[in-house]
Each structure stands twice: as structure tokens, then as C-alpha cells.
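Quick mapping for you: the protein sequence lines, in order, are chains A and B.
Per this note's numbering, the first sequence runs over residues 1 to 425.
Per this note's numbering, the second sequence runs over residues 1001 to 1304.
These aren't lab readings, by the way, just hints derived from the structure by calculation.
All C-beta atoms, glycine included, are put in the ideal place defined by N, C-alpha and C.
You may find that some hints are simply not true.
[To be verified] Here's a subset of chain B near chain A, in silico, CB distances under 8 angstroms, partners left out:
hint, residue
1, T1086
2, I1108
3, G1109
4, P1128
One letter stands for each residue in the lines below.
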Amino acid sequence: MAFSAALRDAAKATAIAFGLFVVMVGLRTDVSPTGALFLRTRWTELAMVCALVFAGRLAIGLWVTPRFLTNAGGSLAAPLAKAGAFFGMGLLVVAVVLPAIPGIGRYELDLAILVLTYVMLGWGLNIVVGLAGLLDLGYVAFYAVGAYSYALLAQYFGLSFWVCLPLAGILAAFWGILLGFPVLRLRGDYLAIVTLAFGEIIRIVLLNWVDLTGGPNGISGIPRPTFFGLPFNMSGDPGTFAGFFGLEPSPTHRVVFLYYLILCLALLTNWVTIRIRRQPIGRAWEALREDEVACRALGINVTNTKLTAFALGAMFGGFAGAFFATRQAFISPESFTFIESAIILAIVVLGGLGSQVGVAVAAIVMIGGFELFRDLDEWRMLVFGAAMVIIMVLRPRGLVGSRTPTVALGQKRSIGSDYVSEGRG
Amino acid sequence: MAYALQQLINGVSLGMIYGLIAVGYTMVYGIIGMINFAHGDIFMIGAFVALTAMVMLVSGGLMEGPAAILLVLAISMAFTALYGWTVERIAYRPLRGSFRLAPLISAIGMSIVLQNFVQVSQGARVKPLEPQLPGGIELMREGTFVVQLSYMQMLIIASTLAVLAIFTWLVTKTPLGRAMRACEQDRKMASLLGIDTDRTISLTFVIGASLAAVAGTLYLLRYGVIDFYIGFLAGVKAFTAAVLGGIGSLPGAVLGGLLIGLIETFWSAYFSVQYKDVAAFSILAIVLIFMPTGLLGRQEVEKV
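Build the full structure now, drawing on both the sequences and the hints.
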């Protein structure tokens, strides 16, 4: 762009920025000690923001425009796709040996556990959104069902984690079917809003059913998981993990154990998804995503197909929830707000809808990146939201913009995800 | 009886606010087929701009009373409209023609941005504003219970009706409205016939945002406390209202808003306050099961 044009453009952007920020940044209402509101002016900050917008816009106009324009939208030939399977294997190897890598301490492992939880949730939701093409905005409800199932079963019946884990999955799947039934006839955004409403209903019930769930105070003292019956503690008795294996008792044992637990759960999700995509039901999901009418014409039972997708996705959400409860040892409805659903959905979409490696990469980028900006405090969510917008605008088809078709005639070649329909579910 | 009448008044005035926000959702949905998730936060921005303007006018001693309220309404509409325009320009326009979920995620990101922007710039504490228009007229007295229609509620109902009347005129009678309806029916055809679709879509966002600003201002004046988080719940409820009325249908949005407002008020009055949202959402689910396109929505024709 010519300099004068870029300058004009930047001036225009600055004028708009001034309009946007003059009230929200230039002025601030505060509550005085007497309880009345008063106005504070911050013209320097306003001037700084405007200058920043001017400089940024000018820089974009002068240098970035041509590349930016040619790049936008072209999500084919993603660099990751070339590495393809190798990249996925590399990630897996790193994940498996992570606790043994020197320099990986407690903090890094905790972060890795968090990332893996989201990877698992992303893979679970991927079944519903990426494969079956049903837009679910209330996935966190199943996460909550799983977490509360374990917490309540442990609290009232004293059941152990290993008994509760499958139960939590089954209960979540049951709720998935329960939600699935009424929404079967709905499509697209009607489905989205009902699932969102369902997520909110579950949260409100958890919040207000104080006798059972403790309401806003949540449930604390949820039992920690045991190593097949051997608890982790510092006493070093023969009945504990460290004592049984003759190790020095250390708090990292539990963290490493939790890490491998969630890694196994996540890999199980991945494995089931990959396997099931080759089964008739998996093919039916993908067919449903591509064209529901054609599916019905070919005699696929749409009801069962949708319900299994909901149930299976919900089941993995339930597993993740039970894991979350045992890891935190404390849960409250606070952890299951809509924003969680939004983050999981964002991970799935940013990962390129249906791409397993993509979901993992997106979870690492989003959750790891979120953690990197820990020092920014209240600015952190702002950066997070902005990152979501920017990634979406630059790469609308997600970070991994290509994938291998499940079925192919002859040799399998990866295709751009532009060719994959996103479903009208 | 008197109690029910009072609840009816409260429900209608709340429903009007939801209706105003719902119109913005339904308009954007009709034209570009996306859920504008940031719309609830645009409503919140409207309330904050109105708060700042109100404090400036009243504590600055410049004006007060109804004149100040009208001026605040105008200021809030102008600035919030700019936000609506910018959000569309930054987050949605580059994704025009992309697949359906991309603008949705971008909208969720924008909603997070707006919320946290206001939290950072205006603080996380709730802002209480003293009542600007106290008093009201007494409609009926039954024992000790007095049914009151407050001036504030009259203002809400009157200004909503006025704004909706202007809006209806805009959509049905002006060239802009015709362009909007054309884009809604078939965007490609509209652009072939010489309609600047980008401009029409931008203006749709501007109009939607200014309606949300009216709702935000009225909400601020009616309830007197706002914080950066009010947009989420109001947005979800308004979207529920839009879906209930049949998304894409403008009278449906207002009808849905009124219904949600009434359900919520009556449920809190007669059953339990905690579960009022559950009631609203459950009724949405029930209505959609039996009428999958909402109350006034058009039946979707399936093309094979």
C-alpha cells in the first residue's frame, strides 16, 4: 500500500478507536466511599491507546497487507499436515516420557495434566461436533455430571475412584441420551441453543440443590485416587504406594500417577474414536454430517446415530469429569460455566473439526498459551479472547487445515478440510 | 389478583428489554445466519456508556430528569452502535462465506474480549446508580397491597414501543429496509441486483447494537446496578427469546422476549426465584420439541 493511503487508513482507524475508547477508557466511573458514583478521567491512557492503534494500523498497512491478504482463508497445505502422522507420533512420545524429562517439575506436570484434560474433552466433543456434525454448546454439562457423580458416590456410598470412573461415564452417557431425545428433531442453531440451555440448567440445579450438592460451596474432601488400592501418602507404610514399591515417599508420585491416568484416558478416547470411525456407526456419523437427507434416504437410522454420538461424547466428558473431581479434590458449580463449553468447542474448531492431532495442538496452544500469560492477571482473558478471534480470522478452518478421509478409493491422500462439510445438525 | 397484575406489569417491562435485545439477534441471524454471541455484551456496553453519560450529566449538574434520560439514550445508542459496527468489521466480515462454525467461535472470542475489556477498563465492582425517575402511579389497591406502575416502567414500555415503531418503519418502508429484507432472502441475488450487501450487513449490526443500547440504558435505569457480566445472562435469555419466537422473525423476537419476561417474573413470584432460569429454558425446550421452528418461525423447506 502506498504510504499516503496507509496513513489515511491509519488515521481513519484511529478516529474509530477514539470513538470506541473515549467513553470506556478515557472515562471511568468509580464508587466513592459514600456509595455515590463519580467520574475519573484518563486522557493519557486514551491517547496511548489511540497512538498504539495508529502505529499498529500503519504498520499493517505498510508491510503486512499483501502477505496477510494472500494468506487469509488459504488453509490448505498446513505445515503440520505434511509431517502428518510423524508429528502425532512425536507428540505422543513426548507425552509418554514427559515426567522423566529433566527440568519438568511439579508445576509443569500440573500444567500438562490440565492440557491433557482439555485434550480429552476436545476429543470427546469432537465425536459430537466434528464427526456427527451436531453443534453442542453445553458439553460442560456432561463434564459436570461426571465430576458430581464421582464426588457424590464417594461421599454418600464411599465408592472408590476405580468403581466410580465407569459409573460416571455411564451416568454422563445416560444424560447425553436424555438430552438427545428432545433435541433430535432440532437442527443447527436451535440445537445449539437447547444444548446451551441444558448446560445452564444443570449448573443452576447444582447451584441450588444445596442439600445434595452443597450449592455454591461445592463438595470438598473428595477422595484421591489410589494406585489400584495403594494410596499415595507420605507415611511410607507398606500399604502405601511408596512403601509397597520400596520408594522414598514423595508428593510427586501422585502427580505423575495422575498425569499417566489422564494420558491413558485421553488416549483411550482417541483410540475409541479412531476405531469407531471405521465401524458402520462411525461412517453413519460422518455421513450424517455431510448430508442428513441423503442419510435418511439410504436407510440410516438417524435417531440412533445421533443418540450414540451424544452418548459416546458425553461418556468421555463424564470420564474427564470424574478425573477432574479426583484431581482437584474439590468441585463447585463455578468450574462448569458456559465459558468452559466455549473453550472446549473453540479447541475443537481451532483444531480443525475432526482432526485428532489438530485438537491436541489446539489444546496445547490455547491452554498452554493461557498459562504462559499468567502474569497478566485480568488482562489474560482479554488476550485469550483476542487470540480466539485472530486465529479464527486468519485460519477459519483451524490450525490443522487438512485431514485424511476415513474411507478412500485406492490410495488415501489428505484433503483440505474445506471439502468437509460441517453438518447442519 | 392485584399481585398477579403487578407481576404482569413487571413481566412486561422486563420482557420489553429482552425483546429489544432479541431483535438484534434475530436480525443478524436472518441476514447472515450466524449467532452473534457478542450481542449480549454489546448490550452490556450500552449500559456502561449510559452509566458514564448519566454520571457525567447528573453529577456534573448539567441536566436531570427526563431530558437527561433522553440525551443519555442518544449518547449510548451512538457509541454502542460504533461498537456493533467494529465487532462486525473485525471479527465477522473476514469470515463471510466461511463455514458456519468459524464466525460462531469468533463471536464467542469477541464476547470474551468485550467482557474483559470492560472489566479491565471500568473495574470488576458492581456500579450502583441511584434511581433517576422515582415514583409512579397507583393503579389499584387491594387491602394493603398496592399495584403500582412506576414512571420507570412507563418509560420502558413507552420507549420500547417508540423504538420498535421506528424500527418497523425502517424495515418495511425505507430503501435500507428493503435492502435488508432482500439480503435476508438471498444475499447473492441481492448483490447481483446492485445492493451493497457489505454495507447493508454493517448497518444491520449498527441498528441491532443501537437497539441493544436502548435495552442497556433501560436496564440500568430500571435495576440500578450493572457489572461487566450482565451481558452473558441477558444475551442468553434474549437469544432464547429469539429462538422461542422463531429466529429470523422480528415480531417473533418481541413476542418471545415478552414471553420469557413473563415466565421469569411469574415463576419467581409464585414458585422459586432460584429456578426462574430453569423455567425459562425448559419452556424453550418444550416449545421447540413441538414447534421446531419457534412460535412465528417459517417452516424450513428442505431442498434435496
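We went through each hint and held it up to the structure:
Hint status for T1086/B relative to chain A: holds, with the closest Cβ pair at about 6 angstroms, below 8 angstroms. The interface hint given for I1108/B is met, as the beta carbon of that residue sits about 5 angstroms from the closest beta carbon of chain A, less than 8 angstroms. At a threshold of 8 angstroms, the smallest CB-CB gap from G1109/B to chain A is about 3 angstroms, leaving the interface hint in force. Taking 8 angstroms as the C-beta contact cut-off toward chain A, the hint placing P1128/B at the interface holds, the least distance being around 7 angstroms.
Of the numbered hints listed earlier, not one is contradicted by the structure.
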